[in-house]
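Novice: Residue numbers (our numbering): 1 to 323.
Please note: incorrect hints may appear among the correct ones.
Lysine to aspartate or glutamate pairs mimicking EDC-like chemistry, simulated, CA-CA at most 16 Å apart [to be verified]:
hint, residue 1, residue 2
1, K10, E37
2, K25, E37
3, K290, E210
4, K113, D87
5, K113, E156
6, K223, D268
7, K48, D71
8, K181, E216
9, K283, E233
10, K181, E124
11, K113, D86
12, K10, D268
13, K235, D51
14, K223, E233
15, K181, E233
16, K223, E149
17, K10, D71
18, K223, D277
19, K48, E94
20, K283, E216
21, K113, E272
22, K247, D76
23, K25, E61
24, K283, E213
25, K48, E233
Read the hints as simulated data drawn from the structure, not as lab findings.
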Amino acid sequence: MQAPDNLFNKPMIFLSGPTAVGKTKLAILLAQELNGEIIGVDSMQIYKYMDIGTAKPTPAERALVPHHLVDFIPPDYSYSAADFVDDCRTAIQEIRGRGRVPVLTGGTGLYFKALTEGIFNLPEISPLVREELSRELAAENGRQQLFAELQRHDPESACRIHINDTYRLLRALEILRATGKSWTSFIHQQQAEGRKSGGDRILKLGLYRERQELYERVNRRVKIMAEAGLLDEVKNLLARGYNPGLKSMQSLGYRHMINFLNGTWPWDKTLELLARDTRHYAKRQITWFKRADFTWFQPGRQKEVIDTARDYMAQNRNGEKIP
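The task is simple: from the sequences and hints, build the whole structure.
Specialist: Given below as structure tokens:
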């Protein structure tokens, strides 16, 4: 596993939460108050030409505070969590070189996790192991037997993984058979490396709203996106030659517009499904971030958030490690 080093021995602020919660405005305010620059932590806002559907900060907003890792690669570029970590580390160092504070904001939990805990470098799994597992899965009662094997040798993973989650079930057993170690043991190792790296010294701020309020904001956002020209944005991407099967083009909003253009759904149904799927995405984000070590605030408590950040910075005024 590639572990972080001493990246976290100087001030750094995370601001996260589910989609449509109100991160953008507060991140800008924090950066302005703390002499900071913003680093985007969003797996979709990285792409050029995809502004409306990703709720990317507007050019006017980006002019208020320097932004990094936003609107910088084409939609057909393959970009991984490891790429993000490399680019983010560079951005952090450059921001600090200017005597400013990195403010990382976004809703892609995997990127936050990769930065603070490192990237798994598991041994390569032999195709023979995968073929054997696939054969066993296809056999009578194969799924039940494989799940029982996981329960015996990696009970923590068995508690996390549903018996019908084929991908994760096979992945956990691949690791177990190829390495002799459980998937859980690798996760614990990753978490320990993250603690040793100092990732627990970051100020992690989270924004939340009551679920019904958040869902209403999601519904309004979908309506605003439609009125702002999301369909035309997708038409422009297709006219530029971007394949509708690209990962970026199959993300929230974009695949819905493509299905509308293909005649799969009428317009009203398209927007209804986009709102529903965005609500589901927000729910998954909430579940993920609840497991993370964030201090939670409602967006209306801006003064409290800023005071918390100022107190954190005061502890680190001279650049020492945070206790």
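Novice: Can you give the numbers of the hints that this structure goes against, from lowest to highest?
Specialist: Per hint list: 5, 8, 9, 12, 15, 16, 17, 19 and 21 violated.
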